[in-house]
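Residue numbers (numbering that gives the first Met the number 0), protein chains in the order written: chain A, 0 to 255; chain B, 0 to 321.
Hints were generated in silico from the structure; no laboratory data involved.
Accuracy of the hints is not assured; some may be wrong.
Partial pick of chain B residues on the chain A-facing surface, computed with a CB cut under 8 Å [said to hold, decoys possible]:
{"hint": "1", "residue": "Arg168"}
{"hint": "2", "residue": "Asp175"}
{"hint": "3", "residue": "Leu178"}
{"hint": "4", "residue": "Ala179"}
{"hint": "5", "residue": "Leu183"}
{"hint": "6", "residue": "Gln193"}
{"hint": "7", "residue": "Thr242"}
{"hint": "8", "residue": "Arg296"}
{"hint": "9", "residue": "Glu297"}
{"hint": "10", "residue": "Thr302"}
{"hint": "11", "residue": "Leu305"}
DSBU-like mimics (lysine-lysine), calculated; alpha carbons at most 35 Å apart, straight line [said to hold, decoys possible]:
{"hint": "12", "chain 1": "A", "residue 1": "Lys30", "chain 2": "A", "residue 2": "Lys172"}
{"hint": "13", "chain 1": "A", "residue 1": "Lys123", "chain 2": "B", "residue 2": "Lys299"}
{"hint": "14", "chain 1": "A", "residue 1": "Lys172", "chain 2": "B", "residue 2": "Lys104"}
{"hint": "15", "chain 1": "A", "residue 1": "Lys140", "chain 2": "A", "residue 2": "Lys229"}
{"hint": "16", "chain 1": "A", "residue 1": "Lys130", "chain 2": "B", "residue 2": "Lys306"}
{"hint": "17", "chain 1": "A", "residue 1": "Lys130", "chain 2": "B", "residue 2": "Lys299"}
{"hint": "18", "chain 1": "A", "residue 1": "Lys172", "chain 2": "A", "residue 2": "Lys191"}
{"hint": "19", "chain 1": "A", "residue 1": "Lys191", "chain 2": "A", "residue 2": "Lys130"}
{"hint": "20", "chain 1": "B", "residue 1": "Lys306", "chain 2": "A", "residue 2": "Lys123"}
{"hint": "21", "chain 1": "B", "residue 1": "Lys306", "chain 2": "B", "residue 2": "Lys319"}
{"hint": "22", "chain 1": "B", "residue 1": "Lys306", "chain 2": "A", "residue 2": "Lys127"}
{"hint": "23", "chain 1": "A", "residue 1": "Lys140", "chain 2": "A", "residue 2": "Lys123"}
{"hint": "24", "chain 1": "A", "residue 1": "Lys10", "chain 2": "B", "residue 2": "Lys189"}
{"hint": "25", "chain 1": "A", "residue 1": "Lys192", "chain 2": "A", "residue 2": "Lys130"}
{"hint": "26", "chain 1": "B", "residue 1": "Lys104", "chain 2": "B", "residue 2": "Lys135"}
{"hint": "27", "chain 1": "B", "residue 1": "Lys299", "chain 2": "A", "residue 2": "Lys140"}
{"hint": "28", "chain 1": "A", "residue 1": "Lys123", "chain 2": "B", "residue 2": "Lys311"}
{"hint": "29", "chain 1": "A", "residue 1": "Lys130", "chain 2": "B", "residue 2": "Lys319"}
{"hint": "30", "chain 1": "A", "residue 1": "Lys196", "chain 2": "A", "residue 2": "Lys127"}
Please read all numbers here as calculations on a predicted model, not as lab measurements.
A virtual CB, placed ideally from N, CA and C, is assigned to each residue, including glycine.
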Amino acid sequence: MKKEEAILQIKRASKHFGGFYAVNDVSLEVKRGQICGLVGPNGSGKSTLFNTILGLQKPDSGDIIFNGTRINDAAPHQIYNMGMVNAFQIPHIFPSMSVLDNILIAARDYPGENMIESLFLRRKWQEKEQKLIEEAMEILKFVNLDMLGFALTSELSGGQRKLLEIAKGLMAKPTLFLLDEPAAGVNPVLGKKIFQKLQELTQEGMTFLIIEHRLDLLFEFASWIYVLNKGIIVAMGQPHEIVDNPDFYQAYLGEK
Amino acid sequence: MNIAVYILDIIIYIGIFSIVAISLNLEYGFTGLGNFGKVAFFLIGAYTYAILSQAGVPFYLCLICGGIIAAIGGLIISLPALRLREDYLAIVTLTVGEILRLIVKTESSIGGGVWGISVKRAISISFPAGFSAINKTVINAGVQIVLIFGILALCFIVLQLLTRSPYGRIMRALRDNELATESLGKSRAKYKAQVFMLGSAIAGIAGGLFAQYIRFIDPYMFMPIVTFTVWIMSLVGGPANFTGALLGATLVQIFDRGTNILKDYITLPIDPVNLQYILFGVLIILVLFFRPQGLLRESKFTTRPLKLVYEKRRSDTSNKKS
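With the rest of the complex left out, here is chain A (with noise of 0.2 Å):
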């Protein structure tokens, strides 16, 4: 495959609740092994676009397709298959497991997720298992969250909780991975060691779509914004031409 093909393409989304349009008209792509950043002021828009992307919202109108298929009506376990993988913005974990089972949900083609290969197949998935709780291990090392594999999910602090967040969309290998603020409530040289990662991922041929409100360090490592105000793409471009773009700084602080 090529590398400058798009993985996924929304043309002319629209979403709407009741008369207000958090949604409108949206046109985007997003390029293969390409970190893209979407930025915008508080309500602008950028997390009801992610949940369409997703299956959690269907859009009104417009068509997203993910790999050359249309994905408006799949449910969010099909997305997943399909290889699309997300982290919330506000994390979504399992309260009552551990942190490394949290982990251990997002592995994709998991024999033991069968309810008869489970019950009559218990070695092989065990010995999955045990290769799985490995890489689950390497991961949370890479979030510095290796010294909690057992601890209580519900235990862990608002930052700790991002991090397991993004660890558990790591696990699930996906081709594409939507971050919604993966440096929000995390220190700053965590932060900018979850980009440097991503980055590093995007050479194995991830592909990310990043909301961030620290434009810091998107700006340094995404390779192209889109800039949503109002529920519409008002800039786009690469980092250094959008902080030279007076419609960026109008949306997002207000100033001309």
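Given the coordinates of chain A, work out where chain B should sit on it, guided by the hints.
Leaving out everything else, chain B in the frame of chain A:
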């Protein structure tokens, strides 16, 4: 009445309701599906057993068919479960149970309507002449205990293995956060349907066992109070622990019988039957207040490999320290 026979009767009831309680633990305790229509599947199992056994079908087939038909019922009830929040699901399942009972009550072609239907025992022993009635009853009860507790053990092991596997992890995840589970690629429709089917099948088998033990069933035996009793068992023992369900079933059954006997010996200013319900209410409030997770907690580890890794780590760190 002979005290030994009475105790055997209690043991058999504990066995039957333990089966229903563990099936509720599977649905509610692990998967978070508040099924308040447990009695519906119990009823399906009981009536299937009764009707089939009258037609001369062997008892194991009657039990299996009861389980299968209850599972189909579970599949149907899982459809609204997909769209409803937990509290609304409780209302829907509760009404389903009552509707089913009222259908059976009014349609006399199904199991005799209000007049009920008599059921054959699963295993009947022909005793040689000269056996006293008491001995016969005790031996029959013994056979019942072997049958019921055998099936209980089987269900217990299957559910224990199932919940301590990646499948059980997904069940717990669905309970904790449905949206996150779905967005991590687990179809909640599939998992909820499977859990409801398995839970209902087990409750159906328990219904069959109940029918063949008491040898006569009528619609008044399947009032919503049966569901509530099972819920008390599950909540008291620990909703996410199958041993807890057994403990809860035992305690509630003994509590039930105990207060029943006690009221004959103590004179109270109020109706003793109502007192029993009041005490049950107090019991639930106390448990939910002081031990909301039930007497026995959920196991810390979802799977065996995880537990092994944990133990290895702990011994490594303690070796380093020493």
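>> For a quick check of understanding: which of the numbered hints are violated here, in increasing order?
In response: Numbers 7, 8, 14 and 15, in rising order.
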